[in-house]
Structure formats: structure tokens, C-alpha cells
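Here are the chains, one letter per residue:
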Amino acid sequence: MAEIRVEQLRKEFGSFTAVQNSNFVVEDGEFFVMLGPSGCGKTTTLRMIAGLELPTSGRILLGGEDVSQKRARERDIAFVFQLFALYPHMNVRKNIGFPLLAQGMQKAEIRKQVEEVARLLRIDHLLDKPVSGLAGGDRQRVALGRAIVRRPKCFLMDEPLGTLDAEFRDLMVHELRELHNRIHATTVYVTHDQHEAMAMADKIAVMNHGVIEQFGTPQEIYDRPATMFVADFIGSPPMNFLKFGATLARGDRKVGVRGAEIVIPELREDAGEAEYALGIRPEHIRFDDASRLRGAVYGAEYLGTTQIVAVETADGMLKARVPADQTVKVGEQVGLALNGARLSVFEKASGRALRTALHDEALRSHAHG
Amino acid sequence: MSASAHSVIEPSATSKRVAGAIVILYAVITMIPLFWIIATSFKTPPDSIAYPPKVVFTPSIEGYCNLFTTRTRQTAEYIQSLPPATNFCDETTRKRNMVIAGQSNFLPRFVNSLIIAFGSTFCAVFLGTLTAYGFSRFKVPLADDLLFFILSTRMMPPIAVAIPIYLMYRELGLSDTALGMILLYTAVNVSLAVWLLKGFIDEIPREYEEAAMIDGYSRLQSFWKVVLPQATTGIAATAIFCLIFAWNEYAFAALLTSGTAQTAPPFIPTIIGEGGQDWPAVAAGTTIFLVPILVFTILLRKQLLRGITFGAVRK
Chain A
191 MAEIRVEQLR
201 KEFGSFTAVQ
211 NSNFVVEDGE
221 FFVMLGPSGC
231 GKTTTLRMIA
241 GLELPTSGRI
251 LLGGEDVSQK
261 RARERDIAFV
271 FQLFALYPHM
281 NVRKNIGFPL
291 LAQGMQKAEI
301 RKQVEEVARL
311 LRIDHLLDKP
321 VSGLAGGDRQ
331 RVALGRAIVR
341 RPKCFLMDEP
351 LGTLDAEFRD
361 LMVHELRELH
371 NRIHATTVYV
381 THDQHEAMAM
391 ADKIAVMNHG
401 VIEQFGTPQE
411 IYDRPATMFV
421 ADFIGSPPMN
431 FLKFGATLAR
441 GDRKVGVRGA
451 EIVIPELRED
461 AGEAEYALGI
471 RPEHIRFDDA
481 SRLRGAVYGA
491 EYLGTTQIVA
501 VETADGMLKA
511 RVPADQTVKV
521 GEQVGLALNG
531 ARLSVFEKAS
541 GRALRTALHD
551 EALRSHAHG
Chain B
2 MSASAHSVIE
12 PSATSKRVAG
22 AIVILYAVIT
32 MIPLFWIIAT
42 SFKTPPDSIA
52 YPPKVVFTPS
62 IEGYCNLFTT
72 RTRQTAEYIQ
82 SLPPATNFCD
92 ETTRKRNMVI
102 AGQSNFLPRF
112 VNSLIIAFGS
122 TFCAVFLGTL
132 TAYGFSRFKV
142 PLADDLLFFI
152 LSTRMMPPIA
162 VAIPIYLMYR
172 ELGLSDTALG
182 MILLYTAVNV
192 SLAVWLLKGF
202 IDEIPREYEE
212 AAMIDGYSRL
222 QSFWKVVLPQ
232 ATTGIAATAI
242 FCLIFAWNEY
252 AFAALLTSGT
262 AQTAPPFIPT
272 IIGEGGQDWP
282 AVAAGTTIFL
292 VPILVFTILL
302 RKQLLRGITF
312 GAVRK
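Chain order of the listed sequences is A and B.
Following the numbering used here, the numbering of the first sequence begins with 191 at its first residue and continues without gaps.
Following the numbering used here, the numbering of the second sequence begins with 2 at its first residue and continues without gaps.
One or more of the hints may lead you astray.
What the hints assert, rightly or not - Computed from the model, here is a short list of chain B residues facing chain A with C-beta under 10 Å: (1) Lys-96; (2) Tyr-209; (3) Ala-212; (4) Val-227.
Claimed, not checked - Lysine to aspartate or glutamate pairs mimicking EDC-like chemistry, simulated, CA-CA at most 16 Å apart: (5) A:Lys-260 / B:Glu-211; (6) A:Lys-319 / A:Glu-305; (7) A:Lys-519 / A:Glu-491; (8) A:Lys-538 / A:Asp-360; (9) A:Lys-519 / A:Asp-479; (10) B:Lys-140 / A:Asp-479.
What the hints assert, rightly or not - One-sided and incomplete, this derived list gives chain A residues near chain B with beta-carbon spacing under 10 Å: (11) Phe-269; (12) Pro-278; (13) His-279; (14) Arg-283; (15) Phe-288.
It should be emphasised that the hints constitute simulated quantities derived from the structure, not laboratory data.
C-beta: ideal position from N, C-alpha, C; glycine also.
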């Protein structure tokens with residue numbers, strides 16, 4: 191297993207820039223997820239790490255060795271494809287053993303190792319079946335088996351759960367993470383599904399238009415989104431934004447939104463006069479009749495333990511996550527109180543989050559770590 | 002669903018029967034010439050030219066005897082002096098006051114056909130597969146123009162270039178050689194092979210080769226171990242189309258081959274018997290000529306069917 195270091199990685203297809211100067215480090219044994227909408231450059235980045243595409247510029251280091259211009263077969267990595275790419279003319283055993291055959295391993299040894307991996311993945315009863323008859327989950331396991339069997343430096347996975355149905359996906363998310371906990375393989379996993387990312391990742395990079403918008407743990411990304419894009423992309427429903435114009439300076443602890451004073455985490459930088467957006471997670475809104483931020487209930491979505499209530503305010507629709515037993519009536523006027531300690535402030539033009547007291551915690555935890 | 006309800010997808014029993022009857026009728030009509038050839042090959046020369054044509058006749062293999070042999074007319078006394086006939090062919094020949102003088106050219110011509118048709122099919126499919134793979138997987142500069150150019154070689158009948166080819170072949174010493182015919186049929190077939198195979202190879206997801214390359218194989222190894230096994234259907238279908246063309250080709254064969262490299266199609270109609278065309282021998286040659294293509298097609302019929310409908314069905 192090895193660390194993956196990506197430095198100033200860039201990929202252009204003609205005049206289109208798919209990946210713009212990415213930098214990140216995946217530590218040895220880490221489960222790293224690249225998350226973003228389709229066309230954001232995450233798969234291109236993964237294919238460059240694999241050697242299926244060559245970078246326009248920049249470097250990729252696998253375990254300290256520069257592999258940027260090496261062929262895929264010289265990199266000692268394993269790749270799990272979205273459609274699994276199981277060789278249709280071979281049975282399960284031959285599929286899993288195929289990478290070992292390339293290494294010139296003895297037949298008996300291949301047999302032993304394939305069976306070992308099959309047991310690990312609980313597919314040993316399928317070894318002599320053709321791959322065409324397998325169910326989605328078993329195909330997935332065979333694809334994983336083919337990746338694991340050669341003990342590569344790292345695993346690269348390109349939306350491997352994308353084609354499974356929802357119910358099965360949850361099971362495989364659990365299985366994949368459990369497998370990772372057992373074998374501690376450095377893994378780069380690409381997905382557009384934030385639930386998969388949140389459930390499995392040690393670290394997440396959120397990408398958009400070829401740029402890494404934020405790199406961090408799932409908690410950091412959820413609690414302290416670095417940009418409005420991340421705030422909007424992560425969370426369901428996504429973060430609410432309240433727009434306001436103001437002059438903000440270091441030490442400010444309140445902002446005025448349409449006459450309502452809203453407490454925010456203390457600002458740690460001077461931002462000057464501009465248009466801003468206040469970012470509020472739905473769970474940080476509660477109903478409070480005393481609040482001056484008011485609106486009419488537009489609708490409610492019942493989720494069992496909680497419900498998502500949409501409230502139409504003068505500044506747009508806000509979605510609040512409140513306990514399911516709270517009664518709400520459509521059309522009713524309600525006051526909304528915000529949890530001042532957990533809000534984010536974004537500069538609207540650039541989308542960048544301002545440094546606030548929220549980030550102090552992050553600094554402290556980094557110092558400890 | 003009740004029994005009386007009719008399905009919108011499944012045709013009714015009556016329409017199935019009508020369709021079946023039409024198919025059988027059509028098959029019978031198209032096969033009449035084939036039956037007639039096979040029947041004629043088993044007739045005696047007088048039966049074959051009898052008028053009105055004989056549908057019921059006593060079968061004889063005289064046609065086949067005449068196909069493989071050359072005969073000379075002898076006097077009755079000379080024939081009497083010979084030792085008794087040892088086989089059917091000798092016997093029938095002597096009844097017509099002739100003796101077998103030697104082997105005819107049919108067998109070598111038939112072998113020429115086999116060498117040239119299978120040889121050119123192999124070359125066309127081999128080149129076609131590599132070319133199609135290249136066009137399918139790599140960014141070839143001017144790929145569309147090149148593909149159009151390849152296709153355009155089929156836009157006029159090949160025989161239109163017969164005279165230049167005849168002159169070129171005479172200069173190059175390729176006239177009446179098996180190599181020359183293989184090159185010619187390969188050149189005609191390779192465009193068909195490229196286009197057909199490109200369709201098949203395009204259908205094979207790239208992920209298979211990428212997976213193989215990541216698994217430690219070179220591109221050539223991945224092509225050999227992963228792409229080719231999945232392209233067998235397409236390769237088989239393409240091979241049949243190429244073989245049928247090369248096997249049946251008459252015009253170029255008649256123009257460019259006359260002796261050692263002559264193929265069966267220009268040879269068969271030249272079989273002359275005593276007093277004109279020896280129809281049973283011609284029919285026998287044609288019947289034998291049908292066999293290889295029939296066997297090849299039956300062996301690969303599933304692939305051929307898929308080849309005809311390719312692109313229309315997902316695996």
C-alpha cells in the first residue's frame with residue numbers, strides 16, 4: 191500500500207480544461223472520495239492516477255515514485271470500473287485470476303490466491319460460474335476480487351455502485367467500508383452521490399468544473415463548507431442561503447438581514463463592503479415566534495423522526511429540519527430562529543466562505559491531530 | 002388475462018400460419034434452381050437434354066465421372082481387348098465407346114478456389130480487424146475522411162477497373178498467380194471488413210481493455226486476450242461475407258486466370274463433352290462447388306445471423 195500525492199495536476203482536452211491544477215495527498219491506507227457533479231473532472235483525475243489518461247502537466251506520485259508518464263500496467267494499481275468490466279468470455283475464477291496470470295504466477299498459486307480472495311468476499315461458491323449470469327452485487331464483488339487479488343499499491347474505483355439499485359447500494363456501501371477496514375488499502379473512490387461519500391470517506395475532495403472546491407473530512411465539509419458550491423452540493427436538503435449587503439470587519443458578531451439582527455460566529459477577517467450570503471443548514475433553524483425573521487409555511491416533507499418544512503420568506507424559500515411531532519399548517523406565519531454558533535458567511539461574488547470562529551475549532555483539531 | 006384477449010405483441014395463430022406459408026413458398030421458389038442443378042448432376046447426358054425435361058429419371062454418377070476425367074474415343078475392338086472394367090466410371094465410359102484417358106483439371110481448379118478464397122478471406126479479415134480496432138480506439142487524424150475513402154472503393158463495380166488491373170498484373174507478373182488473386186480479392190473485401198468490424202468493435206466497451214491493461218497486460222495482449230474473444234461473432238460474420246464474395250467471383254477470375262491459378266468458377270462452364278456442353282458434368286462441378294460455402298455457413302450460421310442484424314440488438 192502506498193500514499194498518493196497529486197501535484198499541480200492538469201488535463202486539457204483540446205480547448206476544454208477537464209482538471210485545473212489539482213493538489214491533494216491521499217495518505218497510506220486512507221479511503222479518499224472524489225465527489226462532484228458529472229463532468230467536474232473527478233473521473234478524469236482518477237483515470238490519470240490509473241494511467242488511462244496522461245496529464246497535460248503536473249505530477250502523480252505513488253508511494254513516493256513519480257508515475258505521471260508511466261503506462262497503466264507499470265503502476266501497480268487496481269481499478270474497479272462503473273460497469274465492472276468483467277471479461278464476459280471467462281468465468282469468475284478466471285476473471286479474478288487474470289491479473290495474476292499477467293505476473294506469470296504459477297497455476298497452483300493463482301488458484302490458492304483466487305480462492306482466498308473469494309472467501310474474503312463470500313463468493314467462493316460462484317467461482318466456476320460464468321460472469322454473465324451473476325446478480326449486480328456479485329458482479330461487484332467479482333470486480334473487487336479482481337482488484338484485491340494482486341495486492342496493488344492502491345485501489346481506484348469509478349462510481350462502482352452507480353448501476354446498483356438503491357437498496358443494494360446501501361448494503362454495498364457498508365460492505366466496501368468494512369472491507370477497507372479489514373485490508374486498509376489506499377483507496378480513491380469517485381462518486382456523485384454525497385451519501386456514499388459521507389458514509390465511506392476518511393477524506394473527501396469536492397470538485398466542480400475541474401477545480402477542487404474543498405478537501406477535508408466529511409465533518410469539515412458538512413459543517414464548514416469552503417464555498418457556496420460545496421454548501422449547496424452537500425446535504426439534503428442543501429444549505430439555505432440568505433442574501434444581504436453589508437460592510438463586514440474582523441470581530442463582527444452580528445449581521446443585519448432585512449432589519450433582523452442575526453448572530454453569527456465571530457468574523458476572523460476583514461471583508462469590506464459587498465454582497466454576502468448567510469449559510470444555514472436546515473437543522474440549525476427552529477421555529478420561534480419571537481424572531482423577526484418570518485415567513486409563511488409552504489409545505490412539509492415528513493421523514494419519520496424529522497420533517498423538512500419549507501418556509502417562504504421575503505428573502506426566498508428556507509428549509510428547516512424540525513422534529514416530526516411539531517405540528518405545522520400550510521400558510522401559517524412562523525418566526526424562524528437560527529443557531530448563531532453554526533452559521534457560515536459567504537462572499538457572494540466569489541462564493542468563498544469567510545473565516546469565522548467556526549474555523550477555530552478546525553485549527554484546534556488540526557493542531558491536536 | 003382471459004383466453005379470448007389477444008396480445009398486442011404476440012401475433013395471432015392465423016397470421017403465424019400465413020407468414021409460415023409465405024416463407025416456405027418463398028424458400029421453395031428460390032431453391033428450385035438449386036434442386037435442378039443437383040438433379041441434373043445425377044442425370045445421364047441424354048437425360049439432361051431430353052425434351053420435355055425429365056423430372057423422374059434413373060440416377061447415374063456419370064456426370065461426376067466426366068467431371069473428374071478426360072476421355073478419348075476408341076474403336077469397339079480396342080475396348081473389347083481391354084481387361085474388364087473395375088469400376089462404374091470405366092464401365093459407363095466404355096458403353097459410350099470411350100476410355101478414361103486421365104484426370105481432368107477440375108480438382109486442381111477447385112483447390113485453387115479453396116486457396117484463393119480462404120487465403121484472401123484470412124487476409125481481409127486480419128487487416129480489417131486491425132484497421133477497425135485502430136479506427137475504433139485511437140484518435141486517427143482525418144479518421145472520417147479515411148473511412149469514407151475506404152468505403153468509396155466499393156462505390157463502383159470492381160469490374161470497372163478490370164482493364165487497368167489486367168495491365169498492371171501483366172506488368173507485375175501477377176497474372177494467373179494465386180498470390181495475385183489473393184491480393185485482388187483482399188483489396189476488394191478489406192473495405193467491407195473494416196466497416197463491418199468497426200461496428201462490432203465499437204460495441205465492445207473500452208473498459209475491458211483498460212481493465213486488462215491495468216491488470217498488467219500490454220495493449221497488444223489486451224487486444225488478443227480480451228477484445229478478440231469478444232469480437233469472434235463479428236469476425237465470423239465478416240469472414241463469411243468475404244468468403245462468399247471471393248468464392249463466387251467470376252469476372253476477374255475469368256479475365257486474370259487461365260491456367261495454373263484458374264479458379265473453379267471460370268473453369269466449370271468450359272467443361273465440354275462430346276457433341277457440346279456436358280451438362281451433367283457442369284452440374285456436378287457446380288454441386289461440388291456449393292459444398293464448402295454451405296459447410297462454412299452452416300458452421301457459422303449463428304454468427305452470420307447476428308452479423309446481418311448487428312447493431313440492432315443489444316447483447
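Outcome of the hint check:
1. Lys-96: Violated - the Cβ of B:Lys-96 stays beyond 10 Å from chain A, reaching only about 59 Å at its closest.
2. Tyr-209: 5 Å, holds
3. Ala-212: Because about 4 Å separates B:Ala-212 from the closest Cβ in chain A, which is inside the 10 Å limit, the hint holds.
4. Val-227: With a closest approach of 6 Å, the B:Val-227 hint holds.
5. A:Lys-260 / B:Glu-211: Satisfied, since the Cα-Cα distance of roughly 14 Å is no more than 16 Å.
6. A:Lys-319 / A:Glu-305: 14 Å, holds
7. A:Lys-519 / A:Glu-491: The hint holds at about 12 Å.
8. A:Lys-538 / A:Asp-360: Since the Cα atoms of A:Lys-538 and A:Asp-360 sit roughly 36 Å apart, the hinted pair is violated (cutoff 16 Å).
9. A:Lys-519 / A:Asp-479: It holds: about 14 Å lies between the C-alpha atoms, which stays within 16 Å.
10. B:Lys-140 / A:Asp-479: 65 Å, violated
11. Phe-269: 5 Å, holds
12. Pro-278: Hint on A:Pro-278: holds, closest Cβ of chain B at ~6 Å, below 10 Å.
13. His-279: This interface hint holds because 4 Å falls under the 10 Å limit.
14. Arg-283: Where the cut-off is 10 Å and the nearest Cβ of chain B is about 15 Å from A:Arg-283, the hint is violated.
15. Phe-288: Holds - the Cβ of A:Phe-288 comes within 10 Å of chain B, reaching about 5 Å at its closest.
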